[in-house]
Amino acid sequence: DVKVTQSSRYLVKRTGEKVFLECVQDMDHENMFWYRQDPGLGLRLIYFSYDVKMKEKGDIPEGYSVSREKKERFSLILESASTNQTSMYLCASTLGGGYIQYFGAGTRLSVL
Amino acid sequence: DAKTTQPTSMDCAEGRAANLPCNHSTISGNEYVYWYRQIHSQGPQYIIHGLKNNETNEMASLIITEDRKSSTLILPHATLRDTAVYYCIVDPGSNDYKLSFGAGTTVTVRA
Numbered sequence: 001d002v003k004v005t006q007s008s009r010y011l012v013k014r015t016g017e018k019v020f021l022e023c024v025q026d027m028d029h030e031n032m033f034w035y036r037q038d039p040g041l042g043l044r045l046i047y048f049s050y051d052v053k054m055k056e057k058g059d060i061p062e063g064y065s066v067s068r069e070k071k072e073r074f075s076l077i078l079e080s081a082s083t084n085q086t087s088m089y090l091c092a093s094t095l096g097g098g099y100i101q102y103f104g105a106g107t108r109l110s111v112l
Numbered sequence: 001d002a003k004t005t006q007p008t009s010m011d012c013a014e015g016r017a018a019n020l021p022c023n024h025s026t027i028s029g030n031e032y033v034y035w036y037r038q039i040h041s042q043g044p045q046y047i048i049h050g051l052k053n054n055e056t057n058e059m060a061s062l063i064i065t066e067d068r069k070s071s072t073l074i075l076p077h078a079t080l081r082d083t084a085v086y087y088c089i090v091d092p093g094s095n096d097y098k099l100s101f102g103a104g105t106t107v108t109v110r111a
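Chains as they are written, first to last, in the working numbering: chain A, 1 to 112; chain B, 1 to 111.
Read the hints as simulated data drawn from the structure, not as lab findings.
Computed cross-link-like contacts, PhoX-like style, restricted to lysine-lysine with a CA-CA straight-line distance of at most 20 angstroms:
no.: 1; chain 1: B; residue 1: K3; chain 2: B; residue 2: K52
no.: 2; chain 1: B; residue 1: K98; chain 2: A; residue 2: K55
no.: 3; chain 1: A; residue 1: K57; chain 2: B; residue 2: K98
no.: 4; chain 1: A; residue 1: K70; chain 2: A; residue 2: K55
Nothing here was measured: the structure is a model prediction, and the numbers come from that model.
Just need the whole structure built from these sequences, with the hints factored in.
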């Protein structure tokens with residue numbers, strides 16, 4: 001089974017802090033994604049990466065950056081956390097094209 | 001992009017089949033229908049997908065009407081662990097792989 005592991009299930013940070021969310025997949029998948037999920041707004045794509053050191057902006061990249069130094073790891077960085085970044089963050093991966101994406105358990109981030 | 005319409009919620013008795021409908025009347029000929037579910041406080045989980053033929057895997061069956069304007073996800077023997085929000089989506093074929101969920105159907109399986 002594909003396993004996508006997110007480093008934390010719950011995280012509480014202060015406004016202005018730099019926050020790192022880590023995601024690791026064990027199936028040699030090319031594509032990795034970061035989404036956030038908010039009530040009433042559904043799933044929104046922040047960034048995705050189709051190869052090592054490659055990244056593409058999604059729909060809501062402002063306030064976020066990403067890093068993919070190794071194929072299995074995709075990191076989401078909140079440069080200066082703000083309260084409106086309180087959300088559930090979901091990492092996903094997929095081998096090639098298509099919509100069969102494998103998700104991690106999610107990180108619920110609270111920014112106070 | 002083809003839009004999908006699902007009922008807001010439905011209940012199902014444990015051990016019975018759960019039939020989840022989805023309307024996608026504007027679907028194009030080469031667009032696939034995908035189903036995901038999300039159990040509370042977990043990440044979404046892929047269930048099944050299809051184009052025009054009925055599909056079955058270890059989790060569920062997918063029945064797509066001949067005109068492809070609607071589909072039904074069938075959980076053959078629902079268990080309490082199947083309680084989740086179920087999302088029906090259509091692959092827009094834009095190759096950006098961006099998933100976009102609507103509100104989905106909240107399925108509650110009752111003992």
